[in-house]
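Letter by letter, the chains look like this.
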Amino acid sequence: MLLYEHEGKSLLREYDIPIPEGFVIRADTLKAPMPSITTPLMVKAQILAGGRGKVGGILAASHLDEARSAANHLLESEIASHKVKLVLIEQQQRVAREFYVAITFDGSEILLLIGSEGGMEVETFFSGERRAIEAIRIDPLYGLSEYQVRNALERLAVSADLWAPFAGVSRNLFRLFRGSDAKLAEINPLALTAEGVLIALDARIEVDEAAFFRQPRFATIAQHRRQGDGIAARLCDIGVQYVPMGGDIGLVSQGAGAGVTIMDWVVREGGRLAAFVDVDYAILSGKTEEALRMTLGYFLSEKSIRSIIINFTTCGVRLDVIANDLIKVLNDLREQRSIPLFIHLDGNRVDVAHWYMEAAGFPLCPTLGDAVRGACRAIVRQRP
Amino acid sequence: MSILLDRKTRVCLQGITGPMGRFQAEEMRSYGTDLVAGVSPGRGGDSIAGVPIFDTMEKAVRATGAEMTIMFLAAARVKDAIFEAISAGIRSIVCVAEFMPVHDMVVIKRRVSESKVRLIGPNCSGIITPGEAKVGFYSAEVAVPGDVGVIAKSGTLSYIALLELKRRGIGTSTVVGIGGDEIKGMDFADCLELFNDDPATRAVLMIGEVGGRDEEVAAEYVRRHGKKPVVAFIAGRTIPPGRAIGHAGAFIIGSKGTYGSKVTALREAGVRVAETVEHIPDLLIS
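Line order of the protein sequences matches chains A and B. Numbering of the first sequence is given in the numbering used here, commencing with residue 25 and proceeding in unit increments. Numbering of the second sequence is given in the numbering used here, commencing with residue 1264 and proceeding in unit increments.
It should be emphasised that the hints constitute simulated quantities derived from the structure, not laboratory data. For each residue, glycine too, the CB sits at the ideal point set by N, CA and C. The reader is advised that the hints may include incorrect statements.
Said to hold, decoys possible - Listed below are the simulated EDC-like cross-link pairs for lysine to aspartate or glutamate, each with C-alpha atoms no more than 20 Å apart in a straight line:
hint, chain 1, residue 1, chain 2, residue 2
1, B, Lys1372, A, Asp205
2, B, Lys1429, A, Asp375
3, B, Lys1342, A, Asp163
4, B, Lys1342, A, Glu233
5, B, Lys1372, A, Glu133
6, A, Lys352, A, Asp394
7, B, Lys1379, B, Asp1450
8, B, Lys1429, A, Asp394
9, B, Lys1372, A, Asp130
10, B, Lys1372, A, Asp163
11, B, Lys1322, B, Glu1347
12, B, Lys1342, A, Glu133
13, B, Lys1342, A, Asp205
Claimed, not checked - Listed next, the stretches of chain A that the computed footprint assigns to chain B, with coverage defined by at least 3 CB atoms under 8 Å from CB atoms of chain B:
hint, region
14, 36-50
15, 287-294
16, 338-347
17, 382-393
With the rest of the complex left out, here is chain A (with noise of 0.2 Å):
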C-alpha cells in the first residue's frame, strides 16, 4: 500500500528525518482558521500519483491567503485523473541543491539508492539509466554502515562537509524501512537549503500489506480507505480479489495462477472480461458461500457483464464442499436473471462434485477450454 505524501511524512519525522512544517486541510476544513507558519508556502495536492508537479498538482504561494485559494482550487480538480480530497500545505524552503535516496528490495537484496541529483524516480534506476546514483547493497542483519553511504557520496563527488548528515538521514530511512515493513522508501527530492540543512521535500512510502498484522496503524489506514469504494472494498473485506477489467465477462475463479490463466486465455479467444475475481482467501478462511454470493450477486445485476465463467481447479481443499456452496448459491440467484453460465469443476473429489452439480441440474463443461471457448461464443452470439 502507498502512502500519501502527508502520511509518508509523519513517519520521516517520527524517525528523525527533517521535513517543512505544515498541515493538511480538506474541502470541510477549508474555512476553519488556519496554523500560522513562515511563509512563502508550497500548496501540494495529496494523490498517488507521480510527476505532481507537471501537471498542476503542486502550487506555490506567498501567503497564508494565497495558500487557501490555491487549496480550494486542488480540492475542486482532478490531478492526473485523480480527484483530489486533501491538500497538504508547507512552508516553501530555499533550496541549494537536491539529491534523490530510496531504499528497497531488489530480489531478497536490499538497496540504498542516492542519486546526486532530485527528480529521478526508482524505476529509471533498475530500467538501466544508472547515471548519477549509487546503489548500496544493505545486509538484512548488519544493517546499513556510515562507511558505505560516505563510500557512494565520495564516489559521487559530494563534498564531505554533507557526508556525515547524508548518513544520518541514510541510518533515519532504513530504521524506518525496516521498522514499518516497507516496501520502499523514497525521498525524491532530499534537499539541500540555503541554511545548510537537510530536509525531505517530498515522501514516497511503501508498506507491505502482508505484514499489517504486526502494523495495525498502516492496516487502519488500510480499512480507512476501503470504506465506501463499492464492491471492490465489499469483496476484499471477505478475502475476495477483484479486479475490474472493463469487458462483458464475468470470471470467478481459485487462485491467481488460474485467474490469470484464463484471463490471457479469454483475450485469445477474442473476448474480454468484465472483471476477475479471485476467492481463494475466501475459501481458506471459510467464507465461500458468502464470497460467491456476492460476486455472482454482483455480475447479474450488472448489465453489462453477458456470460461468466466459473472455475475452481482445487487440491487443497475439497471440491464436493464448493460444489455445494455453489449449488445453493446459484438455486438462490436463478430469479435474478438468465445468463449464460460456463462452469468448469475439477480436482480434490471431483467425482462427487459432478454428482451433485449434475443432480441440481448444473451442467459442467468437460474443459476449462470449453469453458473459456463457450463464454466467448455466448457473447458473440449476443451481439446485435
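Assemble chain B onto chain A, guided by the hints.
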C-alpha cells in the same frame, strides 16, 4: 526415482492441530506419505490421524528421524517455525503460507543460505511424487505417475496443466510447487538441476508467470546445462506491466520480467513455449 520426495521420505507436519493441518495430515497419510510426526507446542503426547504429536521440532526430529517438514501455519508464525526446523536439523522445508512479509523472507532467505537446508516456497502448493508420496496440496485426482518433471509457480495453474497432461495420458515423475513470491527458496533453475540428474524424468515442464526473473535465470541454466527437453508455459501475457494481480504482479523490472522477455529468453535456450495450457501436451509428446 524422483526428486526431493519419495515413499521413504520421513515427513513432519508443523501446525498439525489446526483445522488445515489436521485435514492435510489425513490427506497425506491416506495418499501414502510417510508422515512420522506432527508438532504443536503444548500438545505433545497426543496423536492425529495416527501421527504422534511432539511439543518441539527438536523432539520430533530426534524421535522419528524426520527429514522434511511442511507447515500449515499463519504467515505471522512462519519465520519462527522455519528457524525451529533448521535448528532441529531438518533437511528440507515446504512452506505453503501465503502473504509472507517481505522483511521476514529476507531474513529467512539469509538463514537458509547459511545452512544446508532446502526451502520450497513460500506460497507454494508443495510436492507430489505420484503413486508414492505427497507433501502439500497436490491430490491424486490431478497427478498420475509418469516421466515428466513439473516445476510450477502457481498452484492452481499447475492443477489445470496437470489435468491437461492427464487427459492426454501423460504422467509426472515429481511435481514441485515453488511458489510465485519474488523471494523464495528453490527456484526453477534449482529444480531443473535435480531433474537433469533424475533417471525417471524424460522431460521437464516449467509453469511460470510474468514478473520476477526466475524464468530468465532458468533459461540461462537450460542453455548452459540442460540435458532434457524443456517445455514452458507463462501466465500473465495480458496483464498490463506494472499492474499487480495476485502474485503474478511481481515487480516487472525494466525489460526483464515481461511476457515477451521470458518467452524470448526461453526460446533462445531451446525451450518450447506453449501458447495455451491445452497445447502443453502436444509439445511434450512430439
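Here's how the hints hold up against the structure:
no. : hint                    : in the structure
1   : B:Lys1372 <-> A:Asp205  : holds, 16 Å
2   : B:Lys1429 <-> A:Asp375  : holds, 16 Å
3   : B:Lys1342 <-> A:Asp163  : holds, 18 Å
4   : B:Lys1342 <-> A:Glu233  : holds, 17 Å
5   : B:Lys1372 <-> A:Glu133  : holds, 10 Å
6   : A:Lys352 <-> A:Asp394   : violated, 24 Å
7   : B:Lys1379 <-> B:Asp1450 : holds, 16 Å
8   : B:Lys1429 <-> A:Asp394  : holds, 17 Å
9   : B:Lys1372 <-> A:Asp130  : holds, 13 Å
10  : B:Lys1372 <-> A:Asp163  : holds, 12 Å
11  : B:Lys1322 <-> B:Glu1347 : holds, 11 Å
12  : B:Lys1342 <-> A:Glu133  : holds, 18 Å
13  : B:Lys1342 <-> A:Asp205  : holds, 15 Å
14  : 36-50                   : violated (count 0)
15  : 287-294                 : holds (count 5)
16  : 338-347                 : holds (count 3)
17  : 382-393                 : holds (count 3)
The earlier numbered hints that this structure contradicts are 6 and 14.
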